[in-house]
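J.: Listed below are the residues making up each chain.
2 protein chains.
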Amino acid sequence: MIVIESAAAMQQQALAWRAAGEEVGLVPTMGAIHAGHQSLVSRAKRENQRVVVSVFVNPKQFGPHEDLASYPRSFERDRARLEQLGVDVLFHPQVDQIYPPSFRTQVDPGPWAERLEGRSRPGHFAGVLTVVLKLFEVTQPKRAYFGQKDIQQLLLVRQMVRDFMLPVRVVGCPTVREPDGLAMSSRNAYLTAEQRAAAPALHQALTSASEAYRSGVTHPEQLERQVRERLGQVPDLAVDYAQVFSEDTLERPQQVRPGDVLAIAVKLGSTRLIDNVVFGADRL
Amino acid sequence: MIVIESAAAMQQQALAWRAAGEEVGLVPTMGAIHAGHQSLVSRAKRENQRVVVSVFVNPKQFGPHEDLASYPRSFERDRARLEQLGVDVLFHPQVDQIYPPSFRTQVDPGPWAERLEGRSRPGHFAGVLTVVLKLFEVTQPKRAYFGQKDIQQLLLVRQMVRDFMLPVRVVGCPTVREPDGLAMSSRNAYLTAEQRAAAPALHQALTSASEAYRSGVTHPEQLERQVRERLGQVPDLAVDYAQVFSEDTLERPQQVRPGDVLAIAVKLGSTRLIDNVVFGADRL
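Going line by line, the protein sequences match chains A and B.
Per our numbering, the first sequence runs over residues 850 to 1133.
Per our numbering, the second sequence runs over residues 850 to 1133.
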């Protein structure tokens, strides 16, 4: 595995692979590599001749009062893990490689970016799509891998790829969980032992909503209420949102249908956690 | 020459050329092909194995009170001219090929888009950059050709290419003029005989500013005033702006230096015309 820090050198390598007919799979990450990332890398390895993993904590997707400064960084450990997984290039740019002082152009994600996560995190998805577009241009992937846990991000990246006709296939991959059900996330590292013990409540609440749906409950509000009530029992936890939406509209449907999503965001202490369930699907 | 109307088919052709190592030159136009466009195509022919000309009147770059409906359309004549020039593909999509009903993602050009043309035409450059990015993705050009007449457009496209690291070389080409100096523009067709007779005043005003600069006048405001006074003598003409700016900042410099620009926009009757001069350069 080679580590490339220069965006120009990364693009040169990617264009050379492309000219040689070699397909690149890209796994964009903010580092703090965990089993969720590892599953994306494994899939990318199976489906592409070359695999690039980017490790870049993207300042543009953090709000002014968010955890940019404290976001977990563990580059040497990440490097060792990615090398073990057989990654070809670890792309690890400094901030000024991606955003030089003259940087001005951004992606405007449109109205979907103002809902759910976007309502709580203004500007977040503009930052996400801007860096994803740039990573696509720099690494020229045939396929790019994103986790289902960040489902709105996945849907917005898909929307951008469709709208701009980027020649990239966006592959959504199932959420990887701890044995007790907590979705893998770099932010889990922030949790105290007590919070960590309480955190599986997110998955439990979603699972019970999924079971209620299977047993015939199709009113979105009823399922949302059930999730809120379950989460309300957890000390030190505040629900940001718990909302059912359709993947096609990002709006709450009249009645839940297979493929609809229930997404939640909570603050457990000062740590923001998100998770979701797709109704009528096995991927939980 | 083949005519392609489907964006997917165009992209497939472009990716096939790319895989075969053939370089594409793109000339994006809104049709009503004139000698200015023809000079871009000739240059593209010289520098690339394949030349694609797009003809697409982009609704997103027109404001609600602008001339989208009346913009000159002359597809059969354009097709014949482009065929004569040896173009490989004329890409001629309908609006729903570029903007299907689900279209939401746009390019946000940042603060440069709010100056000069952008001040008079809010949203114009977001529309321009969005369609240019999409045309780049669909036609996969190695080089793309833009006229110097639309200088702010040229600078904003260059900014986008730099910011997103698009693997495209943006080639700016000199303004082509009528024998009396009027810059070629599809909108010249709107002019009445009297307006057409008066229209060379734009170029004359710019030329005299350029001469004043050569003779030692370096105060931006003085040069702007001189241009405004000259244009003020033309009946039925209203100056929108006449402004000196530096290409690096789009701001008025303290003193004019070689490479700085004086750009003007006027309304001659109901027709909006723009032109510019680069100080200390031969391209006028």
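A few of these clues could be false.
Remember, identical chains collapse to one label, so a pair may be satisfied in a single copy or spanning two.
To be verified - Below, computed lysine to aspartate or glutamate pairings styled on DMTMM-like, alpha-carbon distance capped at 25 Å:
{"no.": "1", "residue 1": "K991", "residue 2": "E872"}
{"no.": "2", "residue 1": "K894", "residue 2": "D1097"}
{"no.": "3", "residue 1": "K991", "residue 2": "D1029"}
{"no.": "4", "residue 1": "K909", "residue 2": "E963"}
{"no.": "5", "residue 1": "K991", "residue 2": "D916"}
{"no.": "6", "residue 1": "K1116", "residue 2": "E1100"}
For the record, the hints were derived by calculation from the structure and aren't laboratory data.
J.: Could you check the structure against the hints above and give me the numbers of any it violates, in ascending order?
T.: 2, 3 and 5
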